[in-house]
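Going down the list, the sequences are from chains A and B.
Per the numbering used here, the very first residue in the first sequence carries number 1; after that it's consecutive.
Per the numbering used here, the very first residue in the second sequence carries number 1001; after that it's consecutive.
Mixed in with the good hints there might be a few duds.
Partner residues aside, some chain B positions facing chain A, computed with beta carbon under 10 Å [said to hold, decoys possible]:
{"id": "1", "residue": "1045"}
{"id": "2", "residue": "1062"}
{"id": "3", "residue": "1064"}
The list that follows gives simulated cross-link-like pairs (lysine-lysine, DSS-like), each with its CA atoms no further than 30 Å apart [unchecked claim]:
{"id": "4", "chain 1": "B", "residue 1": "1016", "chain 2": "B", "residue 2": "1097"}
{"id": "5", "chain 1": "A", "residue 1": "57", "chain 2": "B", "residue 2": "1016"}
{"id": "6", "chain 1": "A", "residue 1": "11", "chain 2": "B", "residue 2": "1070"}
{"id": "7", "chain 1": "B", "residue 1": "1097", "chain 2": "A", "residue 2": "11"}
{"id": "8", "chain 1": "A", "residue 1": "14", "chain 2": "B", "residue 2": "1097"}
{"id": "9", "chain 1": "B", "residue 1": "1038", "chain 2": "B", "residue 2": "1070"}
{"id": "10", "chain 1": "B", "residue 1": "1115", "chain 2": "A", "residue 2": "57"}
{"id": "11", "chain 1": "B", "residue 1": "1097", "chain 2": "A", "residue 2": "71"}
Pair by pair, the computed Cβ-Cβ distance ranges are [said to hold, decoys possible]:
{"id": "12", "chain 1": "A", "residue 1": "80", "chain 2": "B", "residue 2": "1081", "range": "46 to 52 Å"}
{"id": "13", "chain 1": "B", "residue 1": "1064", "chain 2": "A", "residue 2": "78", "range": "36 to 42 Å"}
{"id": "14", "chain 1": "B", "residue 1": "1002", "chain 2": "A", "residue 2": "54", "range": "20 to 26 Å"}
{"id": "15", "chain 1": "B", "residue 1": "1028", "chain 2": "A", "residue 2": "10", "range": "27 to 33 Å"}
{"id": "16", "chain 1": "A", "residue 1": "7", "chain 2": "B", "residue 2": "1018", "range": "35 to 41 Å"}
{"id": "17", "chain 1": "A", "residue 1": "10", "chain 2": "B", "residue 2": "1010", "range": "35 to 41 Å"}
{"id": "18", "chain 1": "B", "residue 1": "1056", "chain 2": "A", "residue 2": "97", "range": "28 to 34 Å"}
{"id": "19", "chain 1": "B", "residue 1": "1015", "chain 2": "A", "residue 2": "97", "range": "27 to 33 Å"}
{"id": "20", "chain 1": "A", "residue 1": "3", "chain 2": "B", "residue 2": "1081", "range": "45 to 51 Å"}
{"id": "21", "chain 1": "A", "residue 1": "71", "chain 2": "B", "residue 2": "1003", "range": "45 to 51 Å"}
{"id": "22", "chain 1": "B", "residue 1": "1055", "chain 2": "A", "residue 2": "60", "range": "38 to 44 Å"}
Please keep in mind that the hints were generated in silico from the structure rather than gathered at the bench.
All residues carry an ideal CB built from backbone N, CA and C; glycine is no exception.
Chain residues, written in single-letter form:
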Amino acid sequence: DTGVSQNPRHKITKRGQNVTFRCDPISEHNRLYWYRQTLGQGPEFLTYFQNEAQLEKSRLLSDRFSAERPKGSFSTLEIQRTEQGDSAMYLCASSLPGSNTGELFFGEGSRLTVL
Amino acid sequence: AQKVTQAQTEISVVEKEDVTLDCVYETRDTTYYLFWYKQPPSGELVFLIRRNSFDEQNEISGRYSWNFQKSTSSFNFTITASQVVDSAVYFCALKTKGGSQGNLIFGKGTKLSVKP
């Protein structure tokens, strides 16, 4: 399978707990993106990496959220002290080097449910 | 401000019917890109098409066609002779040249159900 891989696919946690999601992009893609999608809405941009550098963060990414891509390959998205409002699908996408026209390759997402 | 509006929340058709999904966008930028993505029940968004603001030619790809009209700020998507496998949520999205590399602005999506 050479697509974008995300895990876990589904995480149920209690409010206040920390959760971490992992994304493995397509191997030759140097750009990696995180989006959040709530029920009935379109995806909303969270953050973007080019190689290991986090180049942009949305104001949606509160202090409780942190994303890393330490070696420019896989990325993790951690949410600390989860709140019920964090319940959503977290989507990862990647794109080709030099691609600035928005054709993104998405994973199947990690669904977070905060009880 | 940039915005994408998909006024149709849900559409239901019977197989072999044609269906058009509407998309209206707002931007002050003169250079921008428009997209359609398909999200099947598995959840993975699949890229369908990209159009830049300087190319108003309509495009056809098999049963899919797209109508881009700058005068009405619309980028509509038509599926001809729909099939059950077309059932999915379809998102229209906008990216401006001046915007960030990663920030696609998505509409809320239109859920298409094609019944046999």
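So, going through the hints one by one against the coordinates:
1. 1045: Holds, because the Cβ-Cβ distance from residue 1045(B) to chain A comes to roughly 4 Å (cut-off 10 Å).
2. 1062: violated (19 Å)
3. 1064: violated (16 Å)
4. 1016(B) to 1097(B): violated (38 Å)
5. 57(A) to 1016(B): violated (44 Å)
6. 11(A) to 1070(B): violated (43 Å)
7. 1097(B) to 11(A): violated (36 Å)
8. 14(A) to 1097(B): Cα-Cα ~41 Å, so violated.
9. 1038(B) to 1070(B): holds (23 Å)
10. 1115(B) to 57(A): violated (41 Å)
11. 1097(B) to 71(A): holds (28 Å)
12. 80(A) to 1081(B): 46 to 52 Å: Holds - the Cβ-Cβ distance for residue 80(A) and residue 1081(B), about 50 Å, lies within 46 to 52 Å.
13. 1064(B) to 78(A): 36 to 42 Å: Given about 39 Å between the Cβ atoms, the range holds.
14. 1002(B) to 54(A): 20 to 26 Å: Hint holds: Cβ distance 22 Å, inside 20 to 26 Å.
15. 1028(B) to 10(A): 27 to 33 Å: violated (40 Å)
16. 7(A) to 1018(B): 35 to 41 Å: holds (39 Å)
17. 10(A) to 1010(B): 35 to 41 Å: violated (25 Å)
18. 1056(B) to 97(A): 28 to 34 Å: Since residue 1056(B) and residue 97(A) have Cβ atoms about 29 Å apart, the given range 28 to 34 Å holds.
19. 1015(B) to 97(A): 27 to 33 Å: violated (41 Å)
20. 3(A) to 1081(B): 45 to 51 Å: violated (28 Å)
21. 71(A) to 1003(B): 45 to 51 Å: violated (37 Å)
22. 1055(B) to 60(A): 38 to 44 Å: 31 Å Cβ-Cβ, so the 38 to 44 Å window is violated.
Violated hints, listed in ascending order, are 2, 3, 4, 5, 6, 7, 8, 10, 15, 17, 19, 20, 21 and 22; each of the other numbered hints is respected by the structure.
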